[in-house]
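Okay, here's what each chain looks like letter by letter:
Number of protein chains: 2
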Amino acid sequence: MFNKRIKVKQLLASEQTGHEVTVMGWVRTFRNNQFLAVNDGSTNNNIQIVLELGQFDDALLKRLTTSASVKVTGEVVPSMGKGQKIEIKAKTLEILGDSDAEKYPLQLKNRPSLEYLREIAHMRFRTNTFGAVFRVRHSLAFAIHKFFNEKGFVYLHTPIITASDAEGAGEMFRVTSLPFDGTPRNEDGSVNFKEDFFGKSTNLTVSGQLEGELGATAFGEIYTFGPTFRAENSNTARHLAEFWMIEPEMAFSDLEDNMNLAEEFIKYIIQHAMDNNREDLEFLAQRLAEEEKQKPQAERSEMGLIEKLEFVLNNNFERITYTEAIDILLQSPAYKKKKFQYEVKWGIDMQSEHERYLVEKHFKKPVIVTNYPKDIKAFYMRLNEDGKTVAAMDILAPGIGEIVGGSQREERLENLEARMKEMHVPADELWWYLDTRRFGTVPHAGFGLGFERMVLFVTGMTNIRDVIAFPRTPKTAEF
Amino acid sequence: MFNKRIKVKQLLASEQTGHEVTVMGWVRTFRNNQFLAVNDGSTNNNIQIVLELGQFDDALLKRLTTSASVKVTGEVVPSMGKGQKIEIKAKTLEILGDSDAEKYPLQLKNRPSLEYLREIAHMRFRTNTFGAVFRVRHSLAFAIHKFFNEKGFVYLHTPIITASDAEGAGEMFRVTSLPFDGTPRNEDGSVNFKEDFFGKSTNLTVSGQLEGELGATAFGEIYTFGPTFRAENSNTARHLAEFWMIEPEMAFSDLEDNMNLAEEFIKYIIQHAMDNNREDLEFLAQRLAEEEKQKPQAERSEMGLIEKLEFVLNNNFERITYTEAIDILLQSPAYKKKKFQYEVKWGIDMQSEHERYLVEKHFKKPVIVTNYPKDIKAFYMRLNEDGKTVAAMDILAPGIGEIVGGSQREERLENLEARMKEMHVPADELWWYLDTRRFGTVPHAGFGLGFERMVLFVTGMTNIRDVIAFPRTPKTAEF
Numbered sequence: 001m002f003n004k005r006i007k008v009k010q011l012l013a014s015e016q017t018g019h020e021v022t023v024m025g026w027v028r029t030f031r032n033n034q035f036l037a038v039n040d041g042s043t044n045n046n047i048q049i050v051l052e053l054g055q056f057d058d059a060l061l062k063r064l065t066t067s068a069s070v071k072v073t074g075e076v077v078p079s080m081g082k083g084q085k086i087e088i089k090a091k092t093l094e095i096l097g098d099s100d101a102e103k104y105p106l107q108l109k110n111r112p113s114l115e116y117l118r119e120i121a122h123m124r125f126r127t128n129t130f131g132a133v134f135r136v137r138h139s140l141a142f143a144i145h146k147f148f149n150e151k152g153f154v155y156l157h158t159p160i161i162t163a164s165d166a167e168g169a170g171e172m173f174r175v176t177s178l179p180f181d182g183t184p185r186n187e188d189g190s191v192n193f194k195e196d197f198f199g200k201s202t203n204l205t206v207s208g209q210l211e212g213e214l215g216a217t218a219f220g221e222i223y224t225f226g227p228t229f230r231a232e233n234s235n236t237a238r239h240l241a242e243f244w245m246i247e248p249e250m251a252f253s254d255l256e257d258n259m260n261l262a263e264e265f266i267k268y269i270i271q272h273a274m275d276n277n278r279e280d281l282e283f284l285a286q287r288l289a290e291e292e293k294q295k296p297q298a299e300r301s302e303m304g305l306i307e308k309l310e311f312v313l314n315n316n317f318e319r320i321t322y323t324e325a326i327d328i329l330l331q332s333p334a335y336k337k338k339k340f341q342y343e344v345k346w347g348i349d350m351q352s353e354h355e356r357y358l359v360e361k362h363f364k365k366p367v368i369v370t371n372y373p374k375d376i377k378a379f380y381m382r383l384n385e386d387g388k389t390v391a392a393m394d395i396l397a398p399g400i401g402e403i404v405g406g407s408q409r410e411e412r413l414e415n416l417e418a419r420m421k422e423m424h425v426p427a428d429e430l431w432w433y434l435d436t437r438r439f440g441t442v443p444h445a446g447f448g449l450g451f452e453r454m455v456l457f458v459t460g461m462t463n464i465r466d467v468i469a470f471p472r473t474p475k476t477a478e479f
Numbered sequence: 001m002f003n004k005r006i007k008v009k010q011l012l013a014s015e016q017t018g019h020e021v022t023v024m025g026w027v028r029t030f031r032n033n034q035f036l037a038v039n040d041g042s043t044n045n046n047i048q049i050v051l052e053l054g055q056f057d058d059a060l061l062k063r064l065t066t067s068a069s070v071k072v073t074g075e076v077v078p079s080m081g082k083g084q085k086i087e088i089k090a091k092t093l094e095i096l097g098d099s100d101a102e103k104y105p106l107q108l109k110n111r112p113s114l115e116y117l118r119e120i121a122h123m124r125f126r127t128n129t130f131g132a133v134f135r136v137r138h139s140l141a142f143a144i145h146k147f148f149n150e151k152g153f154v155y156l157h158t159p160i161i162t163a164s165d166a167e168g169a170g171e172m173f174r175v176t177s178l179p180f181d182g183t184p185r186n187e188d189g190s191v192n193f194k195e196d197f198f199g200k201s202t203n204l205t206v207s208g209q210l211e212g213e214l215g216a217t218a219f220g221e222i223y224t225f226g227p228t229f230r231a232e233n234s235n236t237a238r239h240l241a242e243f244w245m246i247e248p249e250m251a252f253s254d255l256e257d258n259m260n261l262a263e264e265f266i267k268y269i270i271q272h273a274m275d276n277n278r279e280d281l282e283f284l285a286q287r288l289a290e291e292e293k294q295k296p297q298a299e300r301s302e303m304g305l306i307e308k309l310e311f312v313l314n315n316n317f318e319r320i321t322y323t324e325a326i327d328i329l330l331q332s333p334a335y336k337k338k339k340f341q342y343e344v345k346w347g348i349d350m351q352s353e354h355e356r357y358l359v360e361k362h363f364k365k366p367v368i369v370t371n372y373p374k375d376i377k378a379f380y381m382r383l384n385e386d387g388k389t390v391a392a393m394d395i396l397a398p399g400i401g402e403i404v405g406g407s408q409r410e411e412r413l414e415n416l417e418a419r420m421k422e423m424h425v426p427a428d429e430l431w432w433y434l435d436t437r438r439f440g441t442v443p444h445a446g447f448g449l450g451f452e453r454m455v456l457f458v459t460g461m462t463n464i465r466d467v468i469a470f471p472r473t474p475k476t477a478e479f
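Protein sequence lines, in the order shown, are assigned to chains A and B. Just so we're aligned, residue 1 is where the first sequence starts under my numbering, counting upward by one. Just so we're aligned, residue 1 is where the second sequence starts under my numbering, counting upward by one.
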């Protein structure tokens, strides 16, 4: 058994002294041949190891380079130095693995840029920034499961490979076992997908919602949390080709229930991170503040990261209809001064500049916009009595834009079939979906939350590539 | 707001009477124009609704068919009937959605076979069997996150789409945006994958382990829980083309730490299901007992489902080396009577019949087999001092076979490079993996648990297609 160690996080939290411990980790710094800062990834805080002068031979000390791995046993003693209450007086010191300082790609002294760190994403976990980001990401993921488990939602794994391309949420990746050379063909020359692995043409899922509805109309309430995909050539700081999505779906629920759940959910997971990752969030707040200093005054955020999260926790989300949102935009100084690049009128699919105006300038808080024109929304959204809007809701967050998209679903078979026909959604492919409306249909609703956008919001990072371990974007699938 | 209801599970648990409640759910049975059994998916138990004779008109009563959805308000009163302590005296009864009894595909009275239910997987959640299976599945998934969160492991989302095909764990599905007609070609006629979405040839992941090791060598301990894929034409009751896998990876750990963690982990999640899903497990135990009655005496299990789970919780897993396992097989009556179909000798990759003998006949409990011949294991497993075995471990479970595969990883750069060369694993594609051995390498270990096999084990189901919502197998990708 090798692993008889105490984690640094636990050691620092206890503040106990006088006993002997073993820690293992990677060298962050080594000063004056005496003070060794060791990090084990459990926290950004290092444990200071004090070596007595002459205690270890020079050949060993020379090997204590950045990212060398060590095993240290010694007594925990009160620290005289600044920044830590305890330290370890080394008794034994073993180097587990060397790290050639000349070749090590992560020279922290040079303050490597986020862009450079993306190129060495296999090593960036060893920086304070990414240590904090991925511990917060973990914490949010756990909070999501905890929230739904407490409420009695069933976690449903909806399929990743799907033959259904009916939802039309975006371009899809093909999944295939067929070769490009000597592809099996039908007599008319088209590809014979009967020869493919699944006996038909298959893709990577863009959403688990339709299958989620099958679960909700049996278990009452379900959620998904899995990867989804878009084969869209969007090279922006907010788009990924592969990302994780959470999609709860609730039977016996209408649009208001849906909004209430989404708001409670977002606050719950932020609160969980605030309670469990305070140090990491404070580090990220500091990082963001420094980044903001580089910006012109006018572009800086009014609130720091912690302040922003507390504000979200302590205030109700603004709830307005799409029609009200358009009115606000039309009345805005920005509109009157012709500052919007895109047209504003009832019926438009609001652009990022419009959403940002509502959220960042007008309300200065998260906004839930409801009841969008049916023509810009999906076929499964419930038609309102006005005949021209649907019971949709989008949640817009400051700095991020759309973070949640949801709706009450159209539970009336005739309406659903009519909408599918109008929008050329093939009813025969979705016979199973329609069956939920044929046999004991119920009012139901649900939403999707893009997990990485949520992590962006909570960590204050600005590029979505920096909150997922190994980002997949056009022309990039490294590691 | 529509959703002001009490869930049936909560209602039955409270046993309180005298107050008014609203329940919503689907009709399971309606007897004597008076007793309505409603299920809302929170539990297999129905709430009995009592309608007074004459209280509702006949036209309404006729619509109370199986799977019609209803909203009922009434007083909770003590029940005179058998099987429930409380029932609801209906005050109002609303049918939310009808269910045409002639067309409804799930006639429970006919005891539909599991095979038939796979064809209507969108409806099978509404049966007691699948209700229980998927609530237990949920519970196991939650327990997995809870276990690792408590231990300070970071949940890492490793990539689903990957350009790396180095692990060689099995055949892979291609992920592509290239067309089959007019595929871009290089001058030599080969496919020009530079034109593909990611600028190279990409596949669906077979394992997140290699990326997991990148996380473990920074955070100390990580785990993955995500979908993995095999494009293998295996049409068996134990194989899926798409399945979920859990892969913890721990720095500063050896093979023994790895075994200890795996055993603790398996017991923890089973205990969680026993504590939280007792009713569902009892239902499944009953189902299994009935299924077993159809079998000849000799093929029946010695233990019932609950007994089996308790046995696993209360006994240490047997730990033997591969060499000991082969010796046991060679000494066995089965071998001497030539009952094994496949050859037994040191160096073989044990077949299912051998594993089952060890687990079900010889030890009658889960067995951890360690230190396999290097030639039948992956390149990344740590070479033992004997030069011919590696520090691998497989956990074999009764009735399931291999449920966990793991190893201590080869942390020594020279050894790893030599093994990769021997096994023709391209080192240049895995430069990032080798970097973890170049910069502060540490002893580390990890394992993979096939989630569906674990669900099979805990639920007592016998076909893996019955424990995942929408199974993907050769020629099948429905829903």
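It is possible that some hints are incorrect.
Same chains, same label: a pair holds when it works inside one copy or across any pair of copies.
[Stated by the list, open to error] Capping the alpha-carbon separation at 25 Å, the derived lysine to any residue pairs in SDA-like fashion look like this:
1) LYS62 x GLU102
2) LYS9 x ASP254
3) LYS91 x MET172
4) LYS293 x THR127
5) LYS388 x LEU330
6) LYS200 x GLY170
7) LYS151 x ILE86
8) LYS361 x SER207
Quick caveat, the hints were computed from the structure, so don't treat them as lab data. The structure presented is a predicted model; accordingly, all values stated were derived computationally and were not measured.
Here's how the hints hold up against the structure:
1. LYS62 x GLU102: Intra 13 Å, inter 82 Å, cutoff 25 Å: intra-copy only.
2. LYS9 x ASP254: Answer is between: at 22 Å across copies they meet the 25 Å cutoff, but 44 Å inside does not.
3. LYS91 x MET172: Classified as neither; 58 Å inside a copy, 50 Å across copies.
4. LYS293 x THR127: Classified as within: same-chain Cα gap 21 Å, cross-chain 60 Å, threshold 25 Å.
5. LYS388 x LEU330: within (20 Å within a copy, 76 Å between copies)
6. LYS200 x GLY170: Both, since 20 Å and 22 Å are each at most 25 Å.
7. LYS151 x ILE86: between (42 Å within a copy, 23 Å between copies)
8. LYS361 x SER207: The answer is neither: 32 Å in one copy and 46 Å across copies each exceed 25 Å.
In summary, the structure is inconsistent with hints 3, 8 from the numbered list given earlier, while agreeing with the others.
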